[in-house]
Every structure is written in structure tokens, then in C-alpha cells.
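S.K.: Next come the chains, spelled out residue by residue.
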Amino acid sequence: MAVDAQTVEKLAELARIAISEETIDEVSSRLGDVLQLVDQLQAVNTDGVEPMAHPLDEVQVLRKDEVTEPNRREAFLALAPQSEAGLYLVPKVID
Amino acid sequence: MEWEVVIGLEVHVQLATQSKIFSGASTAFGAEPNTQACAIDLAMPGTLPVPNEEAFRFAVMFGLAMNAEIGMRSVFERKNYFYPDLPKGYQTTQLEQPIVGEGQIEIHLEDGSSKTVRLHHAHLEEDAGKSLHEDFHGMSGIDLNRAGTPLIEIVSEPDMRSAAEAVAYLKKIHSIVTYLGISDGDMSQGSLRCDANVSVRLKGEEELGTRTEIKNLNSFRFIEKAIKVEAQRQIDLIEDGGKVTQETRLYDADKNETRSMRSKEVANDYRYFPCPDLLPVVLTDDYVEQIRGELPELPDAKCARFEKDYGLSAYDADQLTQERATADYFEQVAAKSGEAKLAANWVMGELAALLNREEKSIEDSPVSAEHLAGLIARIKDNTISSKIAKQVFEAMANGDGDADTVIEAKGLKQVSDTGAIEKLVDDVIAASTSQVENYRNADPDKRPKMMGFFVGQIMKASKGQANPQMINKILKEKLDALL
Numbered sequence: 005m006a007v008d009a010q011t012v013e014k015l016a017e018l019a020r021i022a023i024s025e026e027t028i029d030e031v032s033s034r035l036g037d038v039l040q041l042v043d044q045l046q047a048v049n050t051d052g053v054e055p056m057a058h059p060l061d062e063v064q065v066l067r068k069d070e071v072t073e074p075n076r077r078e079a080f081l082a083l084a085p086q087s088e089a090g091l092y093l094v095p096k097v098i099d
Numbered sequence: 018m019e020w021e022v023v024i025g026l027e028v029h030v031q032l033a034t035q036s037k038i039f040s041g042a043s044t045a046f047g048a049e050p051n052t053q054a055c056a057i058d059l060a061m062p063g064t065l066p067v068p069n070e071e072a073f074r075f076a077v078m079f080g081l082a083m084n085a086e087i088g089m090r091s092v093f094e095r096k097n098y099f100y101p102d103l104p105k106g107y108q109t110t111q112l113e114q115p116i117v118g119e120g121q122i123e124i125h126l127e128d129g130s131s132k133t134v135r136l137h138h139a140h141l142e143e144d145a146g147k148s149l150h151e152d153f154h155g156m157s158g159i160d161l162n163r164a165g166t167p168l169i170e171i172v173s174e175p176d177m178r179s180a181a182e183a184v185a186y187l188k189k190i191h192s193i194v195t196y197l198g199i200s201d202g203d204m205s206q207g208s209l210r211c212d213a214n215v216s217v218r219l220k221g222e223e224e225l226g227t228r229t230e231i232k233n234l235n236s237f238r239f240i241e242k243a244i245k246v247e248a249q250r251q252i253d254l255i256e257d258g259g260k261v262t263q264e265t266r267l268y269d270a271d272k273n274e275t276r277s278m279r280s281k282e283v284a285n286d287y288r289y290f291p292c293p294d295l296l297p298v299v300l301t302d303d304y305v306e307q308i309r310g311e312l313p314e315l316p317d318a319k320c321a322r323f324e325k326d327y328g329l330s331a332y333d334a335d336q337l338t339q340e341r342a343t344a345d346y347f348e349q350v351a352a353k354s355g356e357a358k359l360a361a362n363w364v365m366g367e368l369a370a371l372l373n374r375e376e377k378s379i380e381d382s383p384v385s386a387e388h389l390a391g392l393i394a395r396i397k398d399n400t401i402s403s404k405i406a407k408q409v410f411e412a413m414a415n416g417d418g419d420a421d422t423v424i425e426a427k428g429l430k431q432v433s434d435t436g437a438i439e440k441l442v443d444d445v446i447a448a449s450t451s452q453v454e455n456y457r458n459a460d461p462d463k464r465p466k467m468m469g470f471f472v473g474q475i476m477k478a479s480k481g482q483a484n485p486q487m488i489n490k491i492l493k494e495k496l497d498a499l500l
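Those protein sequence lines, which keep their order, are chains A and B. Numbered by the working numbering, the letters in the first sequence go through residues 5 to 99 in order. Numbered by the working numbering, the letters in the second sequence go through residues 18 to 500 in order.
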């Protein structure tokens, strides 16, 4: 199954990935290969088979409601390109 | 043409856990920015989420209170979108297998009627951080303290037919979550927020019209106004030959209008998939049954009990049980004063007016339940009249002490001494010769009404402190003796 250029562009935008004009063909053919594999898998009859969440049939462990994390703001802010007044600064976003 | 408005609500409720849904960072409100955002909340590489058991317990409590199915096996999914206050690039939420399934609640409308609203489902998810847009040299500031705060999103069926019904539904949800103690329900702090899906159709039409979603409504008043104005916009649009576009809109309270969120983004495509970092959460019957056994008395049950045990009207019982704190306050006043009906009248009357005036919640009431009960006891034993009681209440609200202290300090004790009242009556009769003459010449049927003048004068002379029943009795005897 082929993936057209338009779909590749849309997926790239949703994933915030830059894909250059020259590589679109290659990406669409590789995505097409992946989908071909999915098509093959879909040929298997899975009626009555529960989707697998973990190979060992584990269930999630929950933790007690306790505050265990100290304030490490300064260390984290130091990793950011820009910060001010305890806030991370990012290019202006307004919806 | 008669139009019908169709409304479904998505309500987000912040759960009152100590720590976040997937990390051990604190959820306390009002902390310095980013002091409660840990490596997991910040999506640092290599971190893994571990769900908070309390969030599940709270969600199950809610589900049971909504008579809903409980998801014994629930699954977290990733909802993918990019926004700076969402560091991971996805929100961990639930979709196909939520913790709470179908349910229903009864809502009570102002005209006294009731209606059932169906719950589509409710799911657990994490809140995002906050973006601050002002004053950062053209940049936005991001505070991630709220990122990862547990939420339940409660999705109703489109069962509401007016803004008033939507408000009644939301009030009921508010009432239930605060009764359960799973949220503080404080809308001003964003603990309870609401998106409204609104569409219109001709009355009698089966098919639903195209809906719009009004985002982020955070007060009962705005929700009501936003729904009204949006429904009218859609009706006008269709009547003018236009078509409603399915879109997200924002309510502008200053202009009282909704407007389209002109987002340049591609139509929402969240590409949900099960979160590989989290396994299915499986609950046992024992766990759910134990929670069921620990549920507190809920608003509907309390309302029925108030009607039965205290002899209150359905309306009064409903008013008093909407908020758990009000119900608790009333019960204390009723128990301590032994006068449930007077207690109900005072809590819904003078006390509610006082709290409204001072913009205080009942928890911060300037008049304690004990002081109000003391006041009611003095009305009951005739130490003061109801009229004087209002004066005493105001003094208590100003911090002048309990009822007895105020009555004593201001000398407000009701005069019930026969001799003193007789003297007041005699003085007024002596000073009102023409009115006495009119009374004597009047038709006997008219006389009781004419007594009002004398009662008023006597009350005035006693500064409102004379016992009204005694005035009536003595006055009548004395006037009749003159006939």
C-alpha cells in the first residue's frame, strides 16, 4: 500500500518533523513498506484474542499517594535554553 | 419555528490527592512556579510513570456515586499533540477502557422538577501546565506545577435541553465530588472546569444538529450565559440560511459572545494509542466493594433524610443539601437548638445573605453554627423576638460574641413583664384619643385591623423589645374595656 506525498506531509506536520521535498518519495515508499507488513499481520485471524499489554501478563502496580519528590527547580531550569522568574520561556504561543 | 437546544458537558475535576497521578511531586495549589514539577512531570528522558492508587480510589468512588459501571480493567492511552505546557508531547489519558463506564444521575431544576442525565463515561487523565503570555519580552512563560495533576473527565450524553439544565447538572456533579471529598471543587482555582457541546434543532426533530464546543468555562454563571448566547447564535445563523460549522469556540465574558478559536492547525488528529509505559490497571471486586462500603451519605439520600427527619419541605431539603458544608452546618444548628425549621430558615435566609454579602463560604462563616443555635434558642424561649434576633445576628456577625452576650450587652431582652407592658399600653392609649374614639365607633369586624396602629406605637415605645403576643392580649383587653 502506497502512502501519497500529501499524507506524508500531514504526518510530518502532526509529528513536528521537517521532511525535505527531495526525501518525500523515499519516506513515502518506506512508510508503504511498513503498512504492507501491517497488512500481512492483519490477515491473521484474531477473533477472541485479547490484545496483549505485556508478554508476562502483568498488571500495573500502583504507588501510595505520598509526596516523595523534592523541589529541584534550579537544576531543571539550568537545562533550559531560557528561563525567567522561575518560568521556562518559549516562543510566544497563543491560541 | 420552535428550536430545541441540545447540550452535552465534559467536566474536568481535579482530584484532591497529595501527589500527582504519575509522580511523587506535590499537587498543592499556589506554590512558586515550577517548584512542584519533577523529572517525570518534565518528561526527562529515562523516567517512567507510576500511577497513584488514590486517584483510582477517588475515580471509583465517583463511579459508584454515579451508579455507573466500574472499569475493572482500565487502560491508559497517549493523546498526541504539541503545546509547550505539555512537555511529553502527549497527554496520558484513557479512551477505550476508562475507569468509569455508563451511569446516570438525577438533576433537580428550579421549578421543582427532576430529570435524569446519562453519563457516557468518566476517565482518569493528567492535567497540563500553565502558559503565561504577559510580559516576557514577547515570549511565553511556562509553569509546570499543574502538569500531572490527576483529573477525572466526566462526559455526559447530550441529554440537557437548556442552559438551566446544564447548570443544574454541573451543580450536581460539584455537589457529588465535594460530598465524596475527592475534589475541593473550587472553580476559581480551576479545580472544576467545563466544556460544553451545544447544538440546536427544530423541536420534534430526531437527528442532532451540528455542534460546537465551548472551551474552558469556569463559573456557573459563565456556563449559563455562554450556552444561551451560543444557542442563539446558531439559531440566528440557521434562520438566515447559514450552516453551523463544527468547531471549538471560546466564550468572551466581557462581550458576552462566543468566537471561533481560529487555529491554523490541521484538524485535531490525536493519534491515540495504548501507552507502552503503563500496564492495564486491574481492580478486584473486594477493592470496589470496600470503597462502596466507605461511601459517605450522598446529596440525594441526605435530602430525603432531611425531609423525613426534620420535617422540611422538599425545596428546603434540596437547598440545604446541595453543599455538604451547608448540610453539616444546618445539622449542627438543628441539633443544638432543637428547632430544625427555624434553623433551616436562618441558614437559608439571614446566614446565606450574610455570606453572600461578605463573599464568604460557609466554612468561613463569621457566625458559627453554635452561635446561631444559641440565638435560635433565645427566640424559642421568648427572650427575644424574631425582629430583635436579626439585630443580634448582625452583632454576632461583627464579632460581638454569642447571642447571650449581645442581648445582655445591648439590653435587647424582650420585655415580658405584665406591669411594664400594661404601662406602655396605657401610655399609648392615653396619647391617642382620636384613634381610640375611632376604634370605639368602628364596626366590630374592622376593629382587629385597627389595633395595628396601637401595636406599632407600643412597639416603637419599647424599642421593639416588648413581647408582641403579650401586647396584643393586654391591648385588646384594655381597648375592649373602653367600649
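Please note: incorrect hints may appear among the correct ones.
[Stated by the list, open to error] Selected chain B positions facing chain A (Cβ under 10 Å, derived; list incomplete):
{"id": "1", "residue": "L59"}
{"id": "2", "residue": "G63"}
{"id": "3", "residue": "D102"}
{"id": "4", "residue": "Q108"}
{"id": "5", "residue": "T110"}
Because the hints were derived from the structure by calculation, they are not lab data. Cβ coordinates follow ideal geometry from the N, Cα and C atoms, glycine included.
S.K.: What hints, given by number in increasing order, does this structure fail?
M.R.: 2, 4, 5
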